[in-house]
Structure formats: structure tokens, C-alpha cells
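Build out the structure end to end from the sequences listed, making use of the hints.
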Amino acid sequence: MQRIGVFVCWCGSNIAGTVDVQAVSDALKNEPGVVFSTDYQYMCSKTGQDLIQDAIKAHDLTGVVICSCSPRMHEATFRKTVAAAGLNPYMLEVANIREQCSWVHKDIKTGTQKAIVLARAAIAKVHLNAPLTPGETPVTKRALVIGGGIAGIQAALDIAEAGFPVDIVEKKPTIGGKMAQLDKTFPTLDCAACILTPKMVDAAQNENIRIFSYSEIAGISGFVGNFSVQIKRKARFVNEDLCTGCGACVEKCPMKKVPNEFNLGMDNRSAVYIPFAQAVPKVAVIDPDACNMLKNGKCGLCAKVCTAGAIDYKQRDEYIDEKYGAVVVATGFEPISLQKFDEYAYNSSKDVITSLEFERLTNAAGPTAGKLLRPSDGKHPEKIVFVQCVGSRCDGCSEKGKPYCSKICCMYTAKHAMLTRDKYPDTEVYVFYIDVRTPGKNFDEFYRRAVEEYGVHYIKGAVGKVTPENGKLLVQASDLIDNKQLLIDADLVVLAAAIEPDKSARPLATQLTASMDTNDFFTEAHPKLRPVESPTAGVFLAGACKGPKDIPETVSEASAAAAKVIGLLVKNKLTGNPCVASVDALLCSGCSACQNVCPYGAITYEEKEFRMPDGVKMRRAASVNPAVCQGCGCCTVACPSGAADLLGFTNRQIMAEVDAICR
Amino acid sequence: MQKMTREALLEKARELLSSGKVSAVLGWKKGEFDYDVTPAVFDSVDALEDFVWGDFCGANLSKYLIKETKKHRVLVFLKPCDTYSMNQLLTEHRFEREQVHAVGVPCDGMADINLLRRKAGEGIVSVDSIGEEIKVETLYSDEPVIIDRREVLLERCVNCKSKKHAAFDELLSDAGEDSSSDRFQDVEKLESMTPDERFEFWQNELSRCIRCNACRDVCPACTCETCVFNNPSSGAENKAPVNSFEEQMFHIIRAFHVAGRCTDCGECARVCPEHIPLHLINRKIIKDMNAFYGVFQAGAEVGAKSPLLDYTVSDIEPGAVFDGRDHDA
Amino acid sequence: MPINEYKPLIVAFCCNWCSYAGADLAGNNRANYPCDVKIIRVPCSCRVNPMFILKAFQRGADGVILCGCHPGDCHYTSGNYFTRRRMAVLFSLLDFFGIERERTRVEWISAAEGAKFAATMNEFTKTVAALGENRRLEDLRCKK
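Protein chains in written order, with our numbering: chain E, 1 to 663; chain V, 664 to 992; chain S, 993 to 1136.
Keep in mind the hints are simulated off the structure, nothing from the lab.
There may be inaccurate statements among the hints.
As the list claims (entries may be wrong) - Per the computed footprint, the stretches of chain V lying under chain E, defined by three or more beta-carbons under 8 angstroms from a beta-carbon of chain E, are: (1) 755-767; (2) 945-958; (3) 966-979.
Claimed, not checked - Calculated pairs, DSS-like style, for lysine-lysine (alpha carbon to alpha carbon, straight line, at most 25 angstroms): (4) S:Lys1118 <-> E:Lys252; (5) E:Lys232 <-> E:Lys282; (6) E:Lys423 <-> E:Lys383; (7) E:Lys199 <-> E:Lys441; (8) E:Lys441 <-> E:Lys184; (9) V:Lys733 <-> E:Lys608; (10) V:Lys733 <-> E:Lys617; (11) V:Lys852 <-> V:Lys693; (12) E:Lys257 <-> E:Lys350; (13) E:Lys617 <-> V:Lys684; (14) E:Lys423 <-> E:Lys184; (15) E:Lys528 <-> S:Lys1108; (16) V:Lys782 <-> V:Lys734; (17) V:Lys734 <-> E:Lys617; (18) E:Lys106 <-> S:Lys1108; (19) E:Lys608 <-> V:Lys826; (20) E:Lys295 <-> E:Lys232; (21) V:Lys782 <-> V:Lys693; (22) S:Lys999 <-> E:Lys106; (23) E:Lys379 <-> E:Lys472; (24) E:Lys503 <-> E:Lys172; (25) E:Lys232 <-> E:Lys323; (26) E:Lys298 <-> E:Lys234; (27) V:Lys666 <-> V:Lys826; (28) V:Lys734 <-> E:Lys608; (29) S:Lys1118 <-> E:Lys109; (30) V:Lys692 <-> V:Lys733; (31) V:Lys730 <-> E:Lys617; (32) E:Lys282 <-> E:Lys400; (33) S:Lys1118 <-> E:Lys106; (34) V:Lys950 <-> V:Lys968.
The model shown is predicted, which means the values in this text are computed figures rather than measured ones.
Cβ atoms here follow ideal geometry from the backbone N, Cα and C, with glycine treated the same way.
Below, the structure written as C-alpha cells:
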């Protein structure tokens, strides 16, 4: 039997005004288990807290009920109070007789009655309270950044600056991501490479940063502070430590007809290649699908010309196991495939291109050395039509497009249109749009300049069909404002394709037990208040992996995620919330219902041994990792056996409260 | 009479037992009378003498796999509807699939002894199925009573959900077909009553409950190691109800615990000694979940997530489930 | 309010992060609601087991209301989505048993919606009061 002390707070007149605190205190003296009951003006004051501590000692209390303001206000305070007197802090319950009683009920009689009932419920609960101790787990002081685009680079740099080792895992042979492919950036028009490549070099030179390029995440287990990760380093058939990036192999490689991914297939590269001049690491990679030596053992030219002896045809995939305290997901985006958008003739005409392809066409390092030429015949286009929202805001066409706005297209199209008109004033530029969305610093000004200063024709309306005819592209479109049909004979059509999360994101989310929305974007722990945290503790999110966004937003998220990571890694130990789920393995039948509803992946199953009267039995049973469990209790209801329970809010405790209230 | 013969089943059982592929056979065994057939484990060819197959083999054998597969590799005979239960148990990891050799047996509908009694009277001494007729001899009549088999089928067979096995290692016949049924008719009838009438209906039915726990014990979804009603620390422990509330509590909680897991096999109603239509409770939940979250058949696929273990962001609100349901409340 | 109107007993399960805070805000704003409403704090609406609700009715509660975060705002990301499904099924089942559907309710009330909390409790109490005593789901032994 517990020895419970009850302390009724007046809160000045806040409670005492409409609740007869003396009567409450007296009434509770007769409750079973209550050995001491008193009231005082301000329980949270020093004197009030002393009173509680003295009573705990004098009456040998094992449980404490404080009738006061909301536990959201002072539960933490009183937990410390009772702990200082030697009681487990979780042997305390607070009956909220201010916010839920004195402040909302004017009649002193009913107020007093209700206060007594609320206190009884708290007493009933304390009877079933058990001492709880928060678990402690050590923190591995190393961070993993998945994705080496601008988000990953920025996050890694910030974490490394704070003094913690960081590993970047990038699946491509170089870091840099999508930003490396861009020409200029809106709205300032500074060149993407000029601002990105120094950061790439910084990352490569920072002694706290390791870059695993051409690598993938093979497996992740563990939890906040203690992730175990297996990294697969794909064979690049070039020894990264020996290669100097001189490019001799690239020059000599006889296999030169491989579509160049970096230029989106608009030109060719060799079988051994360096993705682009500023690649980091600047190390060659051999494409095993194209290399004759790897395919049929004939050639070997690159090995002959490599003075560093870096070529290694026998290289195999390598697996590295590493421990991390925190993970930043920065897997970015991809433009959607336009295979299904036949109406724009993307598949049938070379002169219908995506915006990213346009970006490469205008880039000085691109396939045309920055000259805007039609891919089909290399002629200068005189009329260009830009089509907005290709696959974006596609309501009810989930087969083809995406329901959301891709956010960046309005601005980059304005940029493309403006730059085209700036370089080639004789070229007519049309932009077809649903809405022009320009919320952002200097964004609307930028768009207006495109229209007003550069004379870009912005037409509100949709393009219905693009037909290639006699070397031209006939664009049928509607103008919603003038309410007429248009027919434009364009030379080039540029499609602003919707963007979607990278394909690697979904399997990664599964491994991380991080949640995703229906569009495969990662979801935030809280969309407003915890925007760079995943609901899974220790997993942080930056950039387009959680929704379309532009570079400044991505960079700020990356730095925000880095700050969160640093905040985690500076701790030596993590103290958990002891009010977590626990499974009574004896009752568990191993059905996995709890695992299915757990938002944190805190529940695992294993074969457990049970010593039963009729011998030792092996059975599948659940166990909860208290470091991962956040204590929502969803599993306790999903469990049909009642094997899962929530410490601090057990079935019996809540039932006892129900009983006391309904008594 | 079942078109599939006892001999065909026996042959399969003998073959697998003697080849050592399995060490036990889960089947049915005759009781004291022709109609009180019970599930049984046969661990030798000799034991198979007691094996029966016929119109009273309604029992769903899936649940016994949990226990028997711990000791044996088991040959189990499953009627189409039973296979759903096996799949559901596999979804819940209750036994290893490799430990089971599932033989799909076609089913022509099983007879309901209670209906038979109602037609033939008490004191049945023998029952013999011949074609679509059932010949019943009773203590009180010299002439045997001949009854049309189709008139005494179990409710779940009248509303057969499928003649197609959802899982099997081998079939004793050609694959059957999905059948369409009107199984929600009775639920709808109740729904169209006023709340008072419904309350009255259930009071009538549930007040007969003697808490024998037969419904729970036979249910292939009720496979908890310890039932919450037996567990003193669950807060719901209750071994025998003393009032109408506890009768309802038991059946509501039981139905809720099997919600999304119940395959609608109808065993609960079949075994209830008080003939309470317990299947209606589960069926109501199935009907609701189908309407709210899309059609879901527990056990159709191993690994499928029950609607209650899943969600979408645009699910129906609890307050809206009554919208559009009008009755003169 | 007529003097002899039935005073129902209402049990409200409130999620710690939204509705419980909403109730606190109602208090801060001195937004009155009937003292018949007694709140039980749970970490998330998804912690509420149907057994708790039945238990409350058994012990003589006249109405039970569950309050959680708005869908999409769950502190634990998805708890209230599961609550929504469980309670939709449970309430419909209780109705199937002929228990007055007005006695059970789920409401989404955020920490900022003190006024909504008070208004909801006023309205719910009134609805339950109009139904009178819960006779269908009570355990008579639990009556005083």
C-alpha cells in the first residue's frame, strides 16, 4: 500500500477563489492510502516546495498528489521537488484544479466537488504508479549525410565546422547534385558553378569530412545516437587514391559514344570519364556497361596511358560499416519522366526539351558551349515556347503527373526567358502558365523585369498539343485572358517538368523508419515547429527530399539540420523519456500489430525463450527500444493481447482514473 | 453429401504420413453421434481409421496449426473458407508456413445440426447424407425423415464467400470460383431498425450468453497467448458476466480485438450453444470497414495490413459515419 | 438551464499536446463549461483503448468524448489517424448495439482552440443531458 501525501494549492485566489481548498484537503484525508493532506497558498514557491519535501520525509510518503495548476505548467517543477526529497520523480501526479476547475466553474460548491473528484483520480493513479528511470544512451559523435547536392554539402560543412566528423554518401561519381548542372541562379543571376564549386572544394579539403562518392546506403539499423550504417562503395575500376584526375584515360578511351548523363544525353562521353571539369572527387570512373575491357577483356588502353597506375579492372564493390549519432537525409529531387506526355511531342521531337536540358544548352560548359542551338539541326531558334506546370498541379492525373506545385519552375522559366531575350533579342519567347507564383525575396521584381524590360510574352493558358511539322513545332494553345486559340510555329519548346523525390528516397525511408507522404516526400516531425527533423529521432531532413524548394531555402534547411545535428552530437549521453511503451513478452503472441502502427520503428521482433511449466518454448515476441519510443501509446491499443502497455499511462492507471471519476 | 470422397482425403493422408513428409494430419473425427464431428490430430496411418469427411466437417482447422506445427510438420485439410484463416495466422506470424502441408478440399456447404434438429426433431440417432438428401433417424419415429440438404446448410455456407482456396500446397479438385453472396443482408436488416429495436434485439440475444467462451476458443483470430479477459492486470479481466453490461463488454471487446483480422469464417456462431448470431457483430465491422476504407478481406493475402493498422489522411471522421444513415430514431 | 435538468457525467480523454492544452487555454480565458466534464490526460488520442470507454460507461458515465490533435498535426505524426479509424469502427458498432450514438464523440481541438474546447464541452454536455441517464451500458452495481 502506498503512503500518499496530498498537497492542495490555493494559487493565491486563483484556486481558492472558487474552490474551498480546505474542504478539498479534508475530504481527501479519508481516501485510501492518503496519510497526509494539507493546503498552502503557493505550492510552487520555495516555502511550498519545502513543505512538500518536509512532509515526504516526516510521513515517509511513497506517492505525492499535488492539486494545483495544469501539469503542463508545473509538473516538471514538482518532479524536481519530490526527487530532491528522495522520491522517484514519477511517483507524483498533478490534479489540475485551476485551469480545469477553479477558472472555469464559478460556483464554489460544484468547483469544490469537481476538485475532489479530480484529486481522487490522481490518487487512484498514484496508487498504481511505479518508479521510472529514464534510460541513457551514449552518442556516437559522427554524422552521416546522405546525398551530396548543395543541401548535403552545406549540412556537412556546417557540422564539420563545429568540429564533428561527417561522412557524405553520394550515389553519383561526384558531389554537386543538381545545382552543378545549372547555369545561372535566380533571382540574382550569379552562376551556379561559381558559387557551388568552391563549396565542393571546401568539403573535399575539410579534414572532418569524408566523401563517399559513387556509393550507396546498403543498410541502416540502430536509433538516435547509435546508427549502424553499411555503405556500399560501387566499383569505379579506378583507384581513388592514385588517380590524379589528369584525364589522359578519358582522352585515349576509344569508346566515345556513351550518352553523357551530366548533359542529359545531349552529347556523348567516353566509357572512362570524369563527370565534369570541377568534379569532386576529381577521379575517373569506368562505366562497366560501356567499357570493352570490362565487358569482353579487349582494350586496356586506359591502363596503359595511366601513369599513376590507378586503373584497376578487378576492383569490386566494397562495403564499409560505420557508426553514426545522427543522419541528415538530403536525397534531393529528379524531374519526372515525360514519357507519358505525348501531347507535347517530347518523345518524338528532339526540339522539345525539358528545362534542365535547356539549362545545359545555355551553360558554357554544356554540349553547345553555351550557344543556344536547336538539338535537331544546330540552328539558332527564333521562337521559343516555354510550357509551365508539365506534370505539376495535375489534379486527378496521378498516373501522369503530380498533384503538387513544383515551386521552382515559375522562377527558372522567368530566368530562362529573360536570359534568352538578353542574349538573343531577336528571339521571340512565349511562356504559357496557369499562375505565375513568385513569393520570395526579389522574385516578383525578377518576373516583372522579364515581362516589362525583356518583352517576354506571358500567356495565361494551357498548351494543348505540340506537333512537329516541316522542321517547326506547331504549338496549339489557348489564351484564357483574351479567350482565343493560338497557333505558334515554334523552333524550340521547353517543358517545365514537375520534380519528384529521388527514387532512392523510398527504400531509404523504409530503412530509416522515417515516414513519407503519398508523394514520397519525407515528412517533418512537425510541419511548422520541427521542419528539419524527421519523426524518427536522430534523422534530420534538408532540401528537396521533403518538398520542392529553391537553393536559398535548401541551404537554410541544410544549415538548420546541421544545427540540430550539432545540438545532438555535443551531448555525451541522451536521456530518454521513461514514459515509453513496454511489452510483456509472456503475453505477446508475436502478431506484429504494434510494429505496424509504431511511427518510430521502435518495435522489433525476435524469437524469445520462455520457460513454461511444460518445458522451454521458443516464440516470436516484440520488444520496444526505449531510446526510440516516444511514448504515444498507439501500440497499446493495436495489441489485442494487452501485452503492450505504456509506462506512466498504463491500462490499469487510466482505468483507475476512470473508476475514480465515475465513482 | 460432399462430392469429394472420404477415401480421396484418406489416400492423401496415408501417402504423406507414410512417406514421412508430414508427421501428423489435422482432420475431423467422429464423435458419439454422426453429427458431432470434432477436429482431431492423427499421427499414424492406423489412427486414420477414425477420420471422417462429410456434411458435418464444418470445423475450421487452421487455429490448431499454431500448436501442432510446434511439434510436427502437419498435413491440414482446408475448405476454401478455412484457407483465409490460415493466411491471416501467417500474416500474424503464428506459425511457420514450411511446417504446413495444406491440402485444399472442395466444399459443397456444411450442414447445421441445429437446423436439422429443428426439421427432424430431437433424439437423432443417425444421419446419412445421400446426394442432396439427408436421411435422419430419430428415437421417436419409426420412419427416417428425409430432408433437403440445401435447407439445412450453415448460415455461412448459404452466404458462402468463396469456393476458391486462398492458399494451398495442393488441391484435391479443380480450383473453385469466387462466389457472390448477400452476407451483409442481416446486418442491413438490423441497421434499418431503430436504436431501441436494435438494443432490444441484442439484449435478447446476448442475455442468453453463458460465457462458455466457446466463441473465443474456436475463433481462429482469438489466438492470444493469454486473453485480456483472463489477465488480471489487463483491467478487463472478467470470467463470467453478471449483468447485461458485461455480456456486451465481452462481445464488443472481442469483436474489436478481431476487427480487421476476422475472416468471417462464422465459427463463433456455429459453436455458440445459445445460438447467438455472433457473426453479425464481426460482419457489421467488416461491412463498415469495407464502406469506410475500401473492401478488405482478411486472409485473402498473407502480409496484407488490416484497415485498423493503416490509415489515409482523408479517412472518414467518426462523427460522419452516421451521416446519411436515416432511421426513425 | 432548468434547475431539474439531468446533470450527466462526461469523461473527456484529452491528448496532452493539443486538447489538454486547449482545455488549459479555456481555463486561462475563463471560458466556462459544465463541471460535469472530467478530463483524463493521455499522451495521444491513440492511447485511448475502447476498453477505457466501455469502462467509463460501465461505471456510470453518460457520455465519453475523445479529443486529439487535428488530423495532420499529431505530435506523434500518425496517432490520431489510427484513433480516427478505431473510433469510427467502435462508435458505429456501439450504435449497432442500440447505444445512443450521441453519447460518444471524437473532436479535434488544438492547443490554440480554448474557445472551441469550451464550446464543444457545452454542446456535448447539453446533448448528453437531453438523452438523460445512460441505462444501456451501465453496470447497475456501480450505481450508488
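Hint consistency between E:Lys379 and E:Lys472 [alpha-carbon to alpha-carbon, up to 25 angstroms]: 12 angstroms, holds
Are E:Lys423 and E:Lys184 close enough, with their CA atoms no more than 25 angstroms apart? OK: E:Lys423 and E:Lys184 at ~13 angstroms, within 25 angstroms.
Does V:Lys684 lie within 25 angstroms of E:Lys617 when you go C-alpha to C-alpha? 24 angstroms, holds
Would you check the hint for E:Lys257 and E:Lys350, treating anything up to 25 angstroms between C-alpha atoms as holding? 18 angstroms, holds
Is the listed coverage of the region 945-958 of chain V by chain E valid when you require three or more residues with a beta carbon under 8 angstroms from a beta carbon of that chain? violated (count 0)
Against the 25 angstroms threshold, does the CA-CA distance of E:Lys106 and S:Lys1108 hold or violate the hint? 19 angstroms, holds
Agreement of E:Lys282 and E:Lys400 with the hint, judged by alpha carbon distance not exceeding 25 angstroms: The given pair, whose Cα atoms are some 38 angstroms apart, is violated under the 25 angstroms limit.
Does S:Lys999 pair with E:Lys106 here, judged by a C-alpha cut-off of 25 angstroms? Since the Cα atoms of S:Lys999 and E:Lys106 sit roughly 16 angstroms apart, the hinted pair holds (cutoff 25 angstroms).
Between V:Lys782 and V:Lys734, is the straight-line Cα distance small enough, at 25 angstroms or below? Distance of about 43 angstroms is beyond 25 angstroms: violated.
Do the alpha carbons of V:Lys782 and V:Lys693 lie within 25 angstroms of each other, as the hint requires? Cα-Cα ~22 angstroms, so holds.
Tell me if the straight-line CA distance from E:Lys295 to E:Lys232 falls inside 25 angstroms. 22 angstroms, holds
Holds or violated: V:Lys852 and V:Lys693, Cα atoms, limit 25 angstroms. 37 angstroms, violated
Checked against the numbered hints given earlier, this structure breaks hints 2, 4, 11, 16, 19 and 32; the rest are met.
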